[in-house]
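Turn these sequences into a full structure, and let the hints guide you.
Quick mapping for you: the protein sequence lines, in order, are chains Z, V, B, F and X.
Using full-length UniProt numbering, the first residue of the first sequence is number 1, and each one after it goes up by one.
Using full-length UniProt numbering, the first residue of the second sequence is number 1, and each one after it goes up by one.
Using full-length UniProt numbering, the first residue of the third sequence is number 1, and each one after it goes up by one.
Using full-length UniProt numbering, the first residue of the fourth sequence is number 1, and each one after it goes up by one.
Using full-length UniProt numbering, the first residue of the fifth sequence is number 1, and each one after it goes up by one.
It is possible that part of the hints are untrue.
A short list of chain X residues far from chain B (calculated; beta carbon distances all over 10 Å) [as the list claims (entries may be wrong)]:
#	residue
1	G32
2	L73
3	S81
4	G122
5	A296
6	E388
7	I432
8	R486
9	L498
Here are some, though not all, of the chain X residues that point toward chain F, as calculated from beta-carbon distances under 8 Å [claimed, not checked]:
#	residue
10	L16
11	S41
12	I65
These aren't lab readings, by the way, just hints derived from the structure by calculation.
On a predicted model such as this, the values are computed, not experimentally measured, just so you know.
Quick reminder that beta carbons are idealized off the backbone N, C-alpha and C, glycines included.
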Amino acid sequence: MGADPLLVGHIGWIDVLIVVIKVVVAFAAMMVSVLLAIWVERKVISDMQNRIGPNRAGPFGLLQSLADGIKLFFKEDLIPERSDRFIFKLAPYLSLVPAFLTFTIVPIGGVVDLFGHRTELQVADPPIGILLLLAMSSISVYGVMLAGWSSGSKYPLIGSVRASAQMISYEAAMGLSIAAVVLVTGSLSTRDMVTGQLGTYLGFIPHWNLIRLGVIPFVIFIVAITAEVNRPPFDLVEAEQELVGGFHTEYSSIRFALFYLAEYLNTITMSAIMVTLFFGGPDGPDPHVLHWLWPIVWFLVKTSIFFVIYVWFRAALPRLRYDQLMDLGWKVLIPVSLLWLLVVAGMRASRVLGFVLLVLGLIAAGVLLRAIDVGRRRRGQSAPVLPDLMDASMLGPSPIPAMVEEGSTTAEEGDDDGRA
Amino acid sequence: MIPVSWYLIVGALLFGLGAFGVLIRRNVLVMFMSIELMLNAVNLTFVSYARALNDVGGEVAVFFVLVVAAAEVVVGLGIIVALFRRRASVTIDDIARLKG
Amino acid sequence: MTLLDWLVAVPVIGALIVPMMALPREQAWLVRAFGIAMSIVELGIAVLLAVRFHIGAPGFQDTQDLRWMGALGVHWYLGADGISLVLVIMTAVLFVIAMAAIKGVTDVRAYVGWMLLLEAACMGSFVSLDLLLFFVFFELSLVPAYFLIADFGFLGSGRAAIKFFVYTFAGSALLLVGIIALVVIHDHQTGNLTFALPALEHTRLAASTSLLLFLAFTAAFAVKTPIFPFHTWSPDTYAKAPIPAVVIVAGVMAKLGSYGIVRFDLGLFPGTSRQLAWLMLTLAVAGILWGAIVAAGERHLGRLVGYSSLSHMGFIVLGIFAFSTEGLAGSVLQMVNHGIYTAAMFLLLGMIYDRSGTLDASRLGGLQRHAPVLAGAFTVVVMAQAGLPGLNGFVGEFLILVGTFVTHRWWAVVAVAGVVGSAAYLLWAYQRVFHRAPSEDRVVHDLQWREVALIAPLLAIIVFLGVYPRPVLSAIDPATSAIVARANRAPLPVASSTPTAVVSTLTPGVRP
Amino acid sequence: MSDIELERGAMAQYLPIGILLIIGVLFGAGSFLASGLLGPRRPHRAKAAPYECGIVPRVDPPERFPVRFYLVAMIFIIFDIEIVFLYPYAAAAGSLGTFGVIEVAGFAVVVFVAFAYLVSNGALDWVPRRRVRAHPPEVQRSLEAPARAGSR
Amino acid sequence: MNVLLASIVSQTPIVLPRISYLTIGPALVLFGGALVVLLVSALLVRARRPELYRWLALVAVAGEIVVATAGLLHVDAHGASLAVAGALASDGFGFVVAIIVGAATLVALLIGPSFVQREHGGPEYAALSLIAASGAVVMGQANDLLVVFLGLEILSISLYVLVGFRVGDGVAREAALKYFLMGGFASAVLLYGIALIYGATGSTNLVRIEGFLAADHLIHNGVLLGGIALVLVGLGFKVAAAPFHAWSPDVYQGAPTSVTGFMAALAKIGAFAALVRVFDGALASQASLWGPLVAALAVASLAVGAFFALRQRDVKRMLAYSSINHAGFILLGVYAASAVGIRAALLYVGTYGILVVGSFGALSLAQWVRGLDEGLCSLDDLRGLAREHPAIAVTLAITLVAQAGAPFTTGFLAKFAVVEAVIAAGETWIAIVAMLSAAVAAAFYLRVVLALYGRDRESSVVPAIAGAQVEDGRSAVTQRPSPSERVAVATAWGGVVLSVGATIVLGVVPTLVLSLVGRAHIL
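Okay, structure coming up:
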């Protein structure tokens with residue numbers, strides 16, 4: 001069970017001071033890392049695309065992001081006339097704050113002594129640790145959804161609908177793959193997850209969850225969080241060709257900047273979470289000098305690698321089509337992660353049970369494939385129960401609900417209503 | 001420390017608010033949300049009692065209530081959507097074909 | 001199986017067979033013939049029962065006692081004494097006639113089926129010694145009666161049928177409560193959960209409890225009989241129901257009520273019955289007079305007979321609550337008599353209706369000219385009703401009045417006015433129907449042989465019982481004497497000191 | 001040590017999160033404030049209009065989410081609930097042993113069957129359908145309208 | 001890790017509950033059946049196979065009855081016990097309820113899919129019926145307020161959807177919405193009551209609550225009283241007891257006819273089983289607190305059910321009020337709070353359940369031959385049915401008359417048992433009210449019967465359009481029904497006949513059903 005020893009028992013002012021210091025440092029680090037991250041992304045992508053990228057502000061264009069941010073302060077803040085003003089203003093907070101808070105549970109280093117108090121090098125270590133991640137990612141769905149809805153404009157609305165559908169779809173897969181980690185850890189605390197990964201197999205293979213869980217949860221997780229933070233190739237939310245800017249089309253000035261900030265914060269945080277869950281967090285070779293520093297170094301290195309991988313994804317992979325995206329989430333990731341979770345659980349109880357479950361799981365997979373096939377064939381025969389998400393008719397002229405509008409297609413009527 | 005009874009009172013108030021909402025509001029979705037509010041008020045009450053009684057049973061109850069609430073949400077939304085595919089209104093007064 | 005079992009079973013079997021007789025329309029008469037055959041078999045059983053009956057022996061004969069609903073203490077407990085016997089025979093006779101009187105019915109199967117079921121219910125009621133079994137039969141009789149009235153009656157019979165059903169059902173509701181309450185008390189006292197009448201007669205009851213139970217029982221019987229303020233369903237029903245059905249409703253089913261009073265009110269609550277005799281007598285007299293008065297002003301013959309029935313049933317109640325041997329014997333005899341002559345009356349009304357298409361006395365008239373036999377038969381029946389010596393009505397009414405005069409003089413005196421009144425309105429009605437100049441110049445057939453065959457047995461019985469009522473009287477005498485003796489022996493209940501007698505007797509510590 | 005103090009100890013773990021929450025909110029508010037002070041304010045109708053790539057919007061934007069979204073949301077809830085139950089199990093899997101695995105597998109079977117049912121009904125298909133319009137809906141409505149009216 | 005925190009989380013070994021598979025067997029079989037139905041449908045390209053799903057479901061129900069009977073025999077032999085960590089009670093009552101639920105579901109499955117799924121043909125009806133039945137079974141076996149709640153929700157949520165099966169011009173969906181809103185409200189109220197009882201007694205386990213109340217004399221505990229009242233209100237909503245009945249006429253009227261019977265049966269069986277368990281079991285020592293409340297509900301239901309029904313023109317609406325009246329009767333059994341009362345309530349609810357399914361089944365048949373869908377059904381729709389379809393008319397009439405309490409049917413037996421229990425409890429006046437209400441109720445059953453056999457031209461003004469509709473419908477039906485349709489209707493007939501047969505046979509020879517409910521002892 002996680003708990004920062006600093007905050008156990010009597011809490012004096014010095015403890016509070018330490019906490020404040022940790023928080024402020026973390027906050028500053030996040031802001032700086034975002035600036036750097038944007039710069040890295042732009043640079044790496046431009047290198048991959050044979051461009052130069054930002055090179056004016058500061059050395060190698062390092063301050064470009066800061067310049068962009070400052071510029072946005074001086075832009076006019078527009079609020080569309082048809083918007084719901086309160087929610088329009090609220091939405092950026094719902095995006096930004098969860099992005100900050102998620103980072104708190106990431107273990108950055110080991111346990112250190114500060115002013116004579118032992119504390120963990122992570123902002124907070126609540127016993128339910130990883131649930132905070134799930135909670136925050138759920139809240140950030142609201143940020144996206146409400147931003148699009150409150151704009152009172154069609155592109156943001158479609159963007160937000162897509163975004164929230166996508167995010168909740170992948171949240172399930174993400175949750176299931178995290179559950180596998182929880183299963184082997186026996187705790188929800190991120191610190192416990194990290195300590196559980198210490199050690200090696202055979203003296204050289206790290207005892208990381210990546211290996212303990214058999215890679216599959218990691219693959220699922222990385223795909224899921226890529227979709228979760230709307231990074232390419234899953235960035236249909238803001239697919240410029242179709243939706244302009246997606247859910248934040250109507251946002252300008254600093255409000256837009258905050259969404260942007262939240263997105264990068266999330267990307268960085270998710271990289272860090274991935275390191276925590278599957279790559280031992282701050283775990284790494286310890287040369288026995290500067291004992292406290294090495295974990296931090298390892299952590300930063302691993303996180304940076306994953307961030308670059310994201311950038312690489314963006315540069316290398318084409319965007320998915322919406323139906324491919326949803327199919328991937330629902331018909332592949334969720335069943336596979338569920339199956340794998342059961343197999344891991346079975347294996348931990350007894351080898352035999354694990355294999356039995358694996359076989360059963362393969363049978364289930366067969367059943368599911370058949371069901372998918374059946375679904376596809378039935379579509380040839382009759383129309384689906386409900387209308388399409390991508391259907392342009394939801395942009396119809398009437399103020400009545402889109403679902404009524406949807407009913408105008410004969411096939412649906414015939415299936416559901418028109419059989420009198 | 002805030003005494004447990006305060007939580008109970010808040011729970012009761014929320015429950016009353018929800019019940020009131022179901023009874024007087026005419027928008028189906030609002031009624032629906034009021035029911036959810038009632039369920040969550042119950043959750044609060046359960047947790048408060050669990051705390052006061054130092055018994056984990058009340059907290060476990062919340063799990064079940066959450067599940068049930070979720071199932072209700074699903075079915076309720078399904079019904080509402082199905083109904084309003086034919087009607088543009090979400091007001092209960094417009095849904096009055098059934099009467100004696 | 002005893003004869004009594006067969007008595008109930010035969011019509012039930014018939015009622016089950018009838019629906020299966022899906023015959024083409026031309027052969028529908030087969031169904032009717034089957035119905036008549038079944039009812040004749042039934043009559044045979046009744047006669048056999050009478051033959052094997054030990055006249056003069058006290059108590060119930062030919063008893064049968066089987067567990068039915070074991071856990072609830074309900075038994076299939078049948079038995080007959082003289083009172084049951086005469087009523088059973090009367091019932092059997094009337095059903096044969098009613099069955100034969102079916103005419104112009106589209107769905108013969110349903111009609112015959114319901115009739116047979118009704119016969120089973122009536123027979124069952126008369127021979128049940130288990131209170132719940134009695135109640136079940138008593139209730140069951142409503143269902144076929146309802147269908148007979150509603151489906152085959154005159155215009156508006158549906159409403160009348162519902163009225164009939166609901167009124168009587170409401171009365172029986174109280175009866176059921178009363179029965180159960182009595183059984184529960186008995187169970188508490190003896191630990192023996194039983195609905196058997198002989199056992200329950202020995203239940204000790206507090207005065208107030210007894211009073212309430214008496215009222216509950218009487219409510220059901222009063223509606224069915226009908227007794228004065230509970231009679232409002234009967235004129236409607238009599239006017240709307242189909243003739244054969246009303247023969248049964250008025251002839252037999254009304255007797256279920258008065259039979260119930262004799263058997264259960266007097267049997268279970270003798271003291272309370274005696275204590276409340278004044279009330280019942282008053283109601284009876286009120287019924288006699290009210291029936292006579294309204295009947296005198298009634299133009300619809302069906303309703304008229306309904307009110308006259310109220311009046312005559314008043315006599316029966318009067319005799320019952322006179323608490324004299326003559327009175328009770330007269331009442332039981334009068335039950336038979338009333339059954340017979342009311343049935344005859346309605347048959348004749350049916351024949352009149354067939355001829356003139358109406359029962360409105362103001363639109364009838366002068367039938368005597370074309371139909372002297374009909375008029376003659378009508379005369380006999382009217383005279384029997386009016387209590388002319390030599391006909392059966394006289395014997396009963398005379399015994400009742402004598403019996404009542406001995407014990408409750410003033411009620412008897414007032415009731416005599418009813419006799420006079422009934423003679424008056426009946427003759428008046430007769431005059432209007434048969435003697436006046438015919439309103440329309442229409443050729444009316446006299447009775448055909450079939451109609452004669454229907455009415456003749458009844459007339460024979462009317463005359464026979466008027467001249468020689470001894471067989472009936474000797475059959476019922478042991479039973480009536482025992483009942484009267486027991487009632488007069490029973491102490492008048494004294495109000496107990498605790499006002500909550502009901503609750504306390506009912507529940508020794510069940511609920512605070 | 002009494003339970004109340006233990007509880008406080010556990011709650012104290014959330015102190016940093018609370019502080020960061022405050023900082024985050026303040027940062028957002030401060031940014032808005034700064035932007036409000038620094039940015040220009042030159043309102044114009046065209047700026048306040050919904051963005052439509054320069055075209056003047058002629059129709060009102062839809063107010064509600066399409067049905068499909070609710071469907072996704074509903075299905076998601078089912079899985080979310082499954083996860084809600086899986087986490088306590090996962091955290092306590094060690095002490096639940098084989099029994100726990102079997103129970104969870106049973107639970108998973110239920111969810112799986114529901115899932116297979118959904119999939120086979122095309123509830124999770126997003127490919128745009130080809131529109132087969134046998135006859136215009138108006139015609140169909142008018143055909144069935146009298147029957148409906150007459151049924152009462 | 002810190003020592004202190006280690007003690008907080010206190011890795012106490014989790015005691016694994018012993019699962020008595022016989023106890024959860026009935027629910028498990030039903031639920032498993034539902035899964036099989038869904039899975040089979042998922043694997044078939046042509047999903048419209050109503051008969052296949054129906055028979056799969058019937059097999060499951062038959063299995064459930066067998067398992068429940070085995071459980072009952074086991075309890076007879078080895079005595080009652082608690083199962084699954086005290087959440088369920090393995091006692092006679094639970095298994096008897098399971099058998100009753102199975103019987104009602106069996107009949108409903110024979111009838112329902114023939115009409116509701118005639119065109120849709122998917123697995124939903126069968127699966128939802130099974131799930132609903134499993135909920136009712138769980139309610140009957142629950143030994144924990146939370147399990148009661150869960151069972152109730154499993155039952156209710158399935159019923160919401162079943163009610164919403166499409167008929168007519170959206171009336172079913174409207175009914176489903178109303179049912180859902182009121183049902184959700186009731187659930188929340190019930191749950192709050194459970195929370196308060198939990199707060200007052202420290203447990204949601206019924207046996208433990210009983211023990212707590214027996215040991216501690218908390219007489220005037222407002223929280224407990226509030227909890228009891230709210231639980232009563234919540235369950236009162238579910239059983240449609242007045243004054244919480246407002247939803248039921250609308251829902252009965254709008255729901256597909258054959259679903260209505262199933263809903264009426266299962267909701268009542270489940271909710272009354274729970275009422276008996278909670279009130280006559282756990283809260284028996286507090287009878288002075290809840291007795292008056294239950295009595296008031298019962299009397300109100302009796303009166304409202306009987307009198308309001310008289311004014312209705314729609315048969316289904318009328319039957320809804322009649323079910324309120326029935327609820328009043330069953331509440332009386334609960335009120336009696338004795339072994340006799342429990343048996344009576346169970347007898348009533350069981351026989352009523354089977355009867356009402358048959359009733360609505362017969363009504364469905366009537367609507368079907370009249371070419372109407374399963375929506376509204378006015379008296380005029382039935383007028384004169386006896387001439388055209390005497391068999392249906394007779395069946396319907398028998399079920400109605402049985403509901404009125406005619407002798408030699410279970411309807412009478414049940415009323416008799418309840419009234420006996422009430423009188424034995426010393427509440428003669430309530431018994432009188434009950435019986436009088438039954439008499440009033442008889443009037444409206446007979447009105448329907450009258451319409452069936454309606455020669456009463458004075459009130460049979462058939463609107464021209466409706467008449468045309470009837471003509472249409474008849475031609476539609478007589479136009480050579482397809483073989484599958486013939487099979488469906490024959491099966492529905494089977495269900496109706498089964499129900500009516502059970503009503504009469506058990507009414508004449510009640511030994512079987514009496515011995516069954518006689519075993520229904522609460523742990």
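Status of each hint after checking the structure:
At roughly 35 Å from the closest C-beta of chain B, the C-beta of G32 (chain X) stays outside 10 Å, upholding its exclusion from the interface. With a cut of 10 Å on Cβ distances, L73 (chain X) stays outside the contact zone with chain B, its closest approach being about 19 Å. Distance check on S81 (chain X): its Cβ is at least 25 Å (rounded) from any Cβ of chain B, clearing the 10 Å threshold; non-interface status holds. Annotated as non-interface, G122 (chain X) keeps its C-beta farther than 10 Å from every C-beta of chain B; the closest such distance is 39 Å.
Consistency note on A296 (chain X): stated as away from chain B, and its beta-carbon is indeed over 10 Å from all of that chain's, at 16 Å minimum. In this structure E388 (chain X) is separated from chain B by more than 10 Å, as the shortest Cβ-Cβ distance comes to about 13 Å. With a cut of 10 Å on Cβ distances, I432 (chain X) falls inside the contact zone with chain B, its closest approach being about 5 Å. Every CB of chain B lies more than 10 Å from the CB of R486 (chain X), the least distance being 21 Å, so the non-interface label holds.
The Cβ of L498 (chain X) sits about 19 Å from the closest Cβ of chain B, beyond the 10 Å cut-off, so the non-interface label holds. Below 8 Å, beta-carbon pairs count as interface contacts, and L16 (chain X) has one with chain F at about 5 Å; its hint therefore holds. Of the supplied interface hints, the one on S41 (chain X) holds, with its beta-carbon coming within about 7 Å of a beta-carbon of chain F, less than 8 Å. The closest approach between the C-beta of I65 (chain X) and any C-beta of chain F is roughly 23 Å, which is over the 8 Å cut-off, so the hint fails.
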